[in-house]
Amino acid sequence: TQEAKRGMFLPNSSKKMVRAEDLVYDDAPWLSSSMNNVQFLSAEVSNEVGAALGLRSVRKLLISGELHLQDLSCPSPAWIEKQLANFQEPALIAPQLLDLADSLGATKAHLLFDFRTHGSESILQPNL
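For the sequence shown, the numbering used here puts the final residue at 128, and the numbers step up evenly by one.
No wet-lab data here; the hints were simulated from the structure. Predicted, not measured: the structure shown is a model, and the values here were computed from it. In this text, a Cβ means the ideal position worked out from N, Cα and C, and glycines have one as well. Treat the hints with care, since some could be wrong.
Unchecked claim - Listed below are the simulated DSSO-like cross-link pairs for lysine-lysine, each with C-alpha atoms no more than 30 Å apart in a straight line:
{"hint": "1", "residue 1": "K82", "residue 2": "K16"}
{"hint": "2", "residue 1": "K108", "residue 2": "K82"}
{"hint": "3", "residue 1": "K15", "residue 2": "K60"}
Claimed, not checked - So the derived label-pair ranges between C-beta atoms look like this:
{"hint": "4", "residue 1": "V18", "residue 2": "I63", "range": "22 to 30 Å"}
{"hint": "5", "residue 1": "V18", "residue 2": "K60", "range": "17 to 25 Å"}
{"hint": "6", "residue 1": "F113", "residue 2": "E44", "range": "34 to 42 Å"}
{"hint": "7", "residue 1": "I93", "residue 2": "P11", "range": "40 to 48 Å"}
The task is simple: from the sequences and hints, build the whole structure.
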């Protein structure tokens, strides 16, 4: 497939035909929005087709370390604690979140309180 890819041209996200070996298919759109200097395969070409043609995927490139997320940040525990400290009554956090959703025009809101603890490292990006 590597040899076949060399002579193949496919549309990128701007509909410009580029070498297939320079394209990446977007199998993690929630992460890719913060990536620069990456040529994505056109959304009109499915990820399945991109994989079948041997293109690289966002997830594989992130896991391998070939791509890095520069602009994606996660608030520190200290920042979150500071924000939560502004609430005089912790029991009012949920109603205030619902008020915010209502004022923004939401027709549904789902709140989930998860008191489990998890590891502090991400396999995709260390600061997550």
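Could you check the structure against the hints above and give me the numbers of any it violates, in ascending order?
When the structure is compared with the hints, only number 1 turns out to be violated.
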